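Trainee: Listed here are the chains, written in short residue letters.
Protein chains: 2
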Amino acid sequence: MTRFAFELHATDGRARTGKITMQRGEIRTPAFMPVGTAATVKAMKPESVREIGADIILGNTYHLMLRPGAERMARLGGLHNFMKWDRPVLTDSGGYQVMSLSELRKLTEKGVEFRSHIDGSKHMLTPERSMEIQRLLGSDIVMCFDECPRADRPRDEIAASMELSMRWAKRSRDGFDSGEEHAARSALFGIQQGALDEGLRRVSAQKLVDIGFDGYAVGGLAVGEGQEAMFGVLDYAPEMLPKDHPRYLMGVGKPDDLVGAVERGIDMFDCVLPTRSGRNGQAFTWNGPINLRNARFAEDQEPLDPTSNCSASRDYSKAYLHHLHKSHEILGAMLLTEHNLAFYQALMQRMRDAIAQGSFTAFAGEFRSSYFGK
Amino acid sequence: MTRFAFELHATDGRARTGKITMQRGEIRTPAFMPVGTAATVKAMKPESVREIGADIILGNTYHLMLRPGAERMARLGGLHNFMKWDRPVLTDSGGYQVMSLSELRKLTEKGVEFRSHIDGSKHMLTPERSMEIQRLLGSDIVMCFDECPRADRPRDEIAASMELSMRWAKRSRDGFDSGEEHAARSALFGIQQGALDEGLRRVSAQKLVDIGFDGYAVGGLAVGEGQEAMFGVLDYAPEMLPKDHPRYLMGVGKPDDLVGAVERGIDMFDCVLPTRSGRNGQAFTWNGPINLRNARFAEDQEPLDPTSNCSASRDYSKAYLHHLHKSHEILGAMLLTEHNLAFYQALMQRMRDAIAQGSFTAFAGEFRSSYFGK
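In order, the protein sequence lines correspond to chains A and B. Per my numbering: the first sequence = residues 6 to 379. Per my numbering: the second sequence = residues 6 to 379.
In case anyone wonders, no lab produced these hints; they're calculated from the structure. Heads up, some of the hints might be wrong.
Just so you know, same-sequence chains aren't split out, so a pair can sit in one copy or run between any two.
As the list claims (entries may be wrong) - Lysine-lysine pairs mimicking DSSO-like chemistry, simulated, CA-CA at most 30 angstroms apart: (1) Lys323 to Lys115; (2) Lys24 to Lys212; (3) Lys111 to Lys331; (4) Lys331 to Lys127; (5) Lys127 to Lys323; (6) Lys47 to Lys89; (7) Lys47 to Lys323; (8) Lys331 to Lys47; (9) Lys259 to Lys111; (10) Lys111 to Lys212; (11) Lys175 to Lys212; (12) Lys175 to Lys127; (13) Lys111 to Lys175.
Keep in mind it's a predicted model, so treat the numbers as computed, not measured.
Please model the complete structure; the sequences and the hints are all you need to start from.
Mentor: Here is the structure:
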């Protein structure tokens with residue numbers, strides 16, 4: 006059985022479409038991965054996540070190692086069995102959330118020591134432990150343990166951090182490879198760092214390629230640098246990574262971010278935006294985002310998208326969604342999460358189709374014109 | 006088309022099984038009605054409410070008149086269209102929640118003046134206005150506007166309150182009958198009052214029968230009097246109401262309350278317990294209630310009910326439900342609400358089957374022995 010294969014079906018400019026084949030299923034690219042932080046895509050049943058078109062979801066190592074715990078998850082048969090999702094799961098390494106969520110961090114060559122944001126308990130994450138945790142979870146696509154500094158730090162800090170991440174990438178590779186059964190059926194992705202510096206990005210890419218990975222992520226973006234700066238990096242960074250492996254832009258993004266990144270050669274994305282926004286009353290539509298809490302929707306009998314295959318988008322009026330969100334009803338979060346994820350999956354499908362037909366530039370133009378109302 | 010018909014298929018002791026036929030569908034009795042307070046059965050999609058076996062749901066006049074508002078709901082095509090539930094809906098009159106939730110109440114012969122618990126706005130509910138609101142909502146089974154005093158008030162207060170409710174029942178009847186189109190396709194239920202006093206219950210029943218209703222509710226119970234006192238009233242109160250009309254015990258109850266009330270001749274129930282408990286981590290099972298937040302479930306790989314038709318009951322481990330509830334995940338509320346409502350519907354189905362087979366006494370004994378672990 007194929008462990009990991011990436012096939013390109015068509016390219017259009019720098020945009021690519023294809024598929025990844027793994028033991029738990031195929032992943033059509035460009036792919037958007039809904040985020041299932043704590044072993045659940047928030048407010049969605051797993052069968053609904055599949056129904057709206059997701060081929061793969063993301064799980065967070067940091068959250069899962071703290072609750073329910075990696076060893077406990079292994080005793081319970083792994084993440085897939087726990088949450089009843091039998092298709093591929095990509096897990097992050099925990100590095101990013103240690104830096105953004107935990108307390109009392111201490112960063113050394115060995116790894117990061119920190120205290121849990123839940124109960125203050127002390128933990129240590131190293132490349133080796135991150136690989137072990139992702140193995141205990143039963144992850145299909147494992148991410149290297151890295152450090153992600155703020156993009157506005159001085160160049161020498163960015164460079165030192167990137168060099169550390171590259172040493173950790175090698176240790177991640179070795180740690181992953183030591184997990185025999187798991188390594189034989191799952192994949193490991195490296196993560197390019199270097200912030201907004203083209204030279205550092207090139208060094209990082211070369212070091213990763215020298216180690217060798219199944220896929221390559223562009224890390225260190227979507228950390229507050231803005232879309233223009235991000236697109237600036239994406240004008241060169243994906244091209245530094247091997248063409249015959251998937252390229253994953255971590256933590257991105259808004260619908261227009263996805264279109265611009267696919268245009269620049271990215272194949273995979275994850276982001277909490279559609280799920281988090283859905284809980285906050287924001288809906289993504291082909292005519293731009295709207296907030297259902299706004300009083301102008303109180304008697305709006307139209308659904309969010311009458312042409313959608315998703316019942317949350319098609320069957321309920323904006324007036325009803327407005328009422329549910331004003332009333333803080335759980336069903337409001339459920340329906341808008343489902344709508345937003347269905348919208349994201351529909352956007353990915355339209356991009357895949359446009360690339361296959363060689364009409365991606367026209368699609369992107371039409372999308373922007375409709376989305377930004379120009 | 007039949008406006009309202011009640012057919013008894015079998016009786017077993019005082020327990021009865023049959024069905025109500027209305028324009029929007031049939032209601033198998035004994036029936037449990039999930040509560041959809043604010044135009045949503047909390048944490049459930051309407052199609053899931055139907056899938057787990059509910060024939061009818063309950064809507065709350067008090068909540069809906071305040072938000073989104075009765076006239077607005079009418080402009081939006083009524084409650085059924087608003088929330089995408091096309092089967093029967095029973096609406097309460099608003100009287101009970103005015104007394105329990107609102108501020109600055111002023112009770113007169115005319116009705117009740119109060120301030121909204123949401124925004125402090127001033128409102129008046131009278132029998133006539135309650136009938137008008139339930140008509141604007143498009144209710145299938147309309148409840149009379151009544152007053153429900155605490156069962157521990159002095160007898161003269163209980164008597165005066167019951168007499169007021171009976172005068173309001175006549176005004177409700179007249180108000181309902183004046184709604185031509187709506188009255189031609191919906192039903193009106195009277196509500197017996199009299200707290201724990203058999204004499205007052207008899208007077209109340211006679212006054213209601215003199216007015217004439219499609220169904221009769223036993224009101225004024227489940228307000229803190231305890232199961233023994235409630236069963237004491239149910240030993241005589243249902244028999245005072247016409248045999249050929251459904252009898253509805255409002256706001257009840259725990260699974261063992263339902264069994265004991267069916268045993269005493271009740272046909273319909275509503276209660277927030279299965280939905281509210283589900284959000285709080287409590288699951289009902291044939292072996293009694295359990296709380297999934299308890300640490301003993303952290304590694305329990307068994308589902309709540311491996312034999313259930315409901316995937317929430319059958320497909321997820323208690324360990325996963327424990328994790329979701331400890332993590333305050335919306336999916337935890339979703340799955341446990343669905344499980345609990347499925348359990349309640351399964352209990353009603355087992356009771357209907359047992360009555361049809363003439364084995365209700367045996368069923369009730371086995372249920373209690375299993376539920377209370379005796």
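Trainee: If a hint holds in the structure, say so; if it doesn't, say that too.
Mentor: Outcome of the hint check:
1. In this assembly of identical chains, the alpha carbons of Lys323 and Lys115 never lie at most 30 angstroms apart, being 52 angstroms within a copy and 37 angstroms across copies at closest.
2. Taking the shortest Cα distances, Lys24 and Lys212 sit within 30 angstroms of each other inside one copy (26 angstroms), while across copies they are farther apart (74 angstroms).
3. Taking identical chains as interchangeable, the C-alpha atoms of Lys111 and Lys331 lie at most 30 angstroms apart only when they sit on different chains, with a minimum of 28 angstroms there against 43 angstroms within one chain.
4. Only between protomers do Lys331 and Lys127 lie at most 30 angstroms apart by alpha-carbon distance; the minimum there is 20 angstroms, versus 40 angstroms within a single protomer.
5. In the homo-oligomer, the alpha carbons of Lys127 and Lys323 lie at most 30 angstroms apart only across protomers (27 angstroms), although the nearest pairing inside one protomer, at 46 angstroms, exceeds that limit.
6. For a Cα distance limit of 30 angstroms, the shortest separation of Lys47 from Lys89 qualifies both inside one copy, at 14 angstroms, and across copies, at 23 angstroms.
7. In this assembly of identical chains, Lys47 and Lys323 lie within 30 angstroms of each other by CA distance both inside one copy and across copies; the values are 21 angstroms within and 18 angstroms between.
8. In this assembly of identical chains, the alpha carbons of Lys331 and Lys47 lie at most 30 angstroms apart whether taken from the same copy (19 angstroms) or from different copies (14 angstroms).
9. When the C-alpha separation of Lys259 and Lys111 is checked against a cutoff of 30 angstroms, the pair qualifies neither within a copy, at 33 angstroms, nor between copies, at 52 angstroms.
10. When the C-alpha separation of Lys111 and Lys212 is checked against a cutoff of 30 angstroms, the pair qualifies only within one copy, where the shortest distance is 26 angstroms, while the shortest distance between copies is 78 angstroms.
11. For the homomeric pair Lys175 and Lys212, the shortest alpha-carbon distance inside one copy (9 angstroms) is at most 30 angstroms, but the shortest distance between copies (86 angstroms) is not.
12. Taking the closest pair of Cα atoms, Lys175 and Lys127 come within 30 angstroms of each other only inside a single copy of the chain (26 angstroms); across copies the shortest separation is 69 angstroms, beyond that limit.
13. Taking identical chains as interchangeable, the C-alpha atoms of Lys111 and Lys175 lie at most 30 angstroms apart only when both belong to the same chain, with a minimum of 21 angstroms there against 75 angstroms between chains.
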